[in-house]
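J.: Chains A and B are the protein sequences, given in the same order.
Heads up: the first sequence is residues 1 to 114, going by the working numbering.
Heads up: the second sequence is residues 1 to 115, going by the working numbering.
Watch out, some of these pointers could steer you wrong.
Simulated restraints on C-beta separations [claimed, not checked]: (1) Gly16(A) x Asn58(B): 45 to 53 Å; (2) Thr27(B) x Lys57(A): 16 to 24 Å; (3) Leu47(B) x Thr5(A): 12 to 20 Å; (4) Lys57(A) x Gln83(B): 34 to 42 Å; (5) Met54(A) x Pro115(B): 42 to 50 Å; (6) Leu84(B) x Gly16(A): 42 to 50 Å; (7) Gln110(B) x Lys57(A): 27 to 35 Å; (8) Gly16(A) x Lys70(B): 46 to 54 Å; (9) Pro115(B) x Thr83(A): 33 to 41 Å; (10) Leu47(B) x Met54(A): 20 to 28 Å; (11) Gln2(B) x Ser67(A): 25 to 33 Å.
FYI, nobody ran anything at the bench for these hints, they're computed from the structure.
None of these values were measured; they are calculated from a predicted model.
By construction, the Cβ of each residue, glycine as well, lies at the ideal position given by its N, Cα and C atoms.
Next come the chains, spelled out residue by residue.
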Amino acid sequence: DVKVTQSSRYLVKRTGEKVFLECVQDMDHENMFWYRQDPGLGLRLIYFSYDVKMKEKGDIPEGYSVSREKKERFSLILESASTNQTSMYLCASSYGDRWNEKLFFGSGTQLSVL
Amino acid sequence: AQTVTQSQPEMSVQEAETVTLSCTYDTSENNYYLFWYKQPPSRQMILVIRQEAYKQQNATENRFSVNFQKAAKSFSLKISDSQLGDTAMYFCAFGRVTSGSRLTFGEGTQLTVNP
Numbered sequence: 001d002v003k004v005t006q007s008s009r010y011l012v013k014r015t016g017e018k019v020f021l022e023c024v025q026d027m028d029h030e031n032m033f034w035y036r037q038d039p040g041l042g043l044r045l046i047y048f049s050y051d052v053k054m055k056e057k058g059d060i061p062e063g064y065s066v067s068r069e070k071k072e073r074f075s076l077i078l079e080s081a082s083t084n085q086t087s088m089y090l091c092a093s094s095y096g097d098r099w100n101e102k103l104f105f106g107s108g109t110q111l112s113v114l
Numbered sequence: 001a002q003t004v005t006q007s008q009p010e011m012s013v014q015e016a017e018t019v020t021l022s023c024t025y026d027t028s029e030n031n032y033y034l035f036w037y038k039q040p041p042s043r044q045m046i047l048v049i050r051q052e053a054y055k056q057q058n059a060t061e062n063r064f065s066v067n068f069q070k071a072a073k074s075f076s077l078k079i080s081d082s083q084l085g086d087t088a089m090y091f092c093a094f095g096r097v098t099s100g101s102r103l104t105f106g107e108g109t110q111l112t113v114n115p
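Could you build the full structure based on these sequences and the hints that come with them?
T.: Have a look at this one:
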């Protein structure tokens, strides 16, 4: 089975800290995504990547950056965490060349910024 | 931009009964695809069912089926013989053919199956 692993299930950080959320997938997927999930808003796309060292902004990229130095790893970076970034963060991956391919998700990181 | 709307934040159903979750979407595209994803309390999101817009036949996966009305831009999920394990948050999602796996999700519907 495909496995998408997020490094932390729960994380508590302070305002202004630099935060790294890590995601690793083990099935050689080309595509990787970062979403945030908030009650009443569903999932919103932050950034995605279709290849190593490639990144594209999603719908809400402000305050975030990403890094994809290796195919299996996609990191989300909060340069200076703020309280409005308290949320559930979900990483996902998929195969690259099929447009209707399903996403495989990690179990999420619940981030609290105090 | 595409939008996906799930107008039912919460629903409940008795075990063994049938329930339908609603989803509408807005797009000017003609070729696209639609998904229903399930997120149980474990938070592990999994695919329930998918539908390609060019297919007229509604998709079915065991107890799960969809009612896809392209003209009305409606994509509802029917769960038959509901089981306790169906308790989860359900998300409807829209994908453009030209956008690869990038999806737009709805707000979600929390379904509770009661014994």
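J.: It remains to establish, for every hint, whether it holds in the given structure.
T.: Cross-check of the supplied hints:
For Gly16(A) and Asn58(B), the hinted distance range of 45 to 53 Å is satisfied, since their beta carbons lie about 51 Å from each other. Checked against the hint of 16 to 24 Å, the C-beta distance between Thr27(B) and Lys57(A) comes to roughly 21 Å, which is consistent with it. Checking the proposed 12 to 20 Å range against Leu47(B) and Thr5(A) shows it holds: the Cβ atoms sit about 18 Å from each other. For the pair Lys57(A) and Gln83(B), the supplied restraint of 34 to 42 Å holds, since their beta-carbon distance comes to about 40 Å.
The supplied range of 42 to 50 Å is met by Met54(A) and Pro115(B), whose beta-carbon atoms lie about 49 Å from each other. For Leu84(B) paired with Gly16(A), a C-beta distance near 44 Å keeps the hint of 42 to 50 Å intact. Checked against the hint of 27 to 35 Å, the C-beta distance between Gln110(B) and Lys57(A) comes to roughly 30 Å, which is consistent with it. Taking 46 to 54 Å as the suggested C-beta distance range, the pair Gly16(A) and Lys70(B) conforms, at roughly 49 Å.
For Pro115(B) and Thr83(A), the hinted distance range of 33 to 41 Å is satisfied, since their beta carbons lie about 39 Å from each other. Between Leu47(B) and Met54(A) the C-beta distance comes to about 25 Å, which sits within the given range of 20 to 28 Å. One distance hint, 25 to 33 Å for the beta-carbon pair Gln2(B) and Ser67(A), holds here, with the actual separation near 28 Å.
Taken one by one, the earlier hints all hold for this structure without exception.
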